[in-house]
Amino acid sequence: METEHRYMVQASSTLPRSGVLRSEGIEPAIVFSAPPEFNGRAGHWTPEHFLVAAVASCFVSTFSGIAEISRFPFDSLHLETEGVLARDETGLRFQKMILRPLVMIAHEEDRERTLRILQKAEKSCLIARSLTCPLEMHPEIAVEPACAECEGGEEALSILSC
204 METEHRYMVQ
214 ASSTLPRSGV
224 LRSEGIEPAI
234 VFSAPPEFNG
244 RAGHWTPEHF
254 LVAAVASCFV
264 STFSGIAEIS
274 RFPFDSLHLE
284 TEGVLARDET
294 GLRFQKMILR
304 PLVMIAHEED
314 RERTLRILQK
324 AEKSCLIARS
334 LTCPLEMHPE
344 IAVEPACAEC
354 EGGEEALSIL
364 SC
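Start counting the sequence shown at 204; every next residue gets the next number (this note's numbering).
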């Protein structure tokens, strides 16, 4: 396996504090701006959103990849990610990234395993590990059986087809 990978992006200025991003072979191009609080245009992706989105997308793909390799079925993963930008002695910078994953599973006995996979994804997320700001994770795991009749255990399964 190669030890170095490169990812190329081209950025062009279109208006003051705004532009468009492109990468060969990837559609669509992305229009961006500085955030309104920094004199940018409202309603556009910002570099700050891109950074938070990079952490979120990396975490989701890392979690689902670990789950796949581990043969761990989960019903769904929803992730809310928040980047906290504040001024410190060096200027403005991200002070922390907060991950709030919600994982839906079908069986209560999978709760601990889900938490272990979430923690492994947190430690393995390439983008988050590349940042200098800390990462906080506040996981939520919800058990929702595939169907209400299945809650009755084996007896219900022998009578009903889920």
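In short, the hints are calculated from the structure, not lab data. There may be inaccurate statements among the hints.
[To be verified] Restricting the straight-line Cα-Cα distance to at most 16 Å, the calculated cross-link-like pairs of lysine to aspartate or glutamate (EDC-like) are:
| no. | residue 1 | residue 2 |
| --- | --- | --- |
| 1 | Lys326 | Glu312 |
| 2 | Lys299 | Glu251 |
| 3 | Lys299 | Glu325 |
| 4 | Lys323 | Glu271 |
| 5 | Lys323 | Glu311 |
| 6 | Lys299 | Asp313 |
| 7 | Lys299 | Glu271 |
| 8 | Lys299 | Glu311 |
Fair warning: this is a prediction, and the values are worked out from it, not measured in the lab.
Evaluation of the provided hints:
1. Lys326 <-> Glu312: violated, 23 Å
2. Lys299 <-> Glu251: Holds. Lys299 to Glu251 sits at ~12 Å (cutoff 16 Å).
3. Lys299 <-> Glu325: holds, 14 Å
4. Lys323 <-> Glu271: Between Lys323 and Glu271 the Cα gap is close to 13 Å, so the pair holds against 16 Å.
5. Lys323 <-> Glu311: violated, 20 Å
6. Lys299 <-> Asp313: violated, 30 Å
7. Lys299 <-> Glu271: violated, 29 Å
8. Lys299 <-> Glu311: violated, 31 Å
Going down the numbered hints, you'll see the structure goes against 1, 5, 6, 7, 8, while the others check out.
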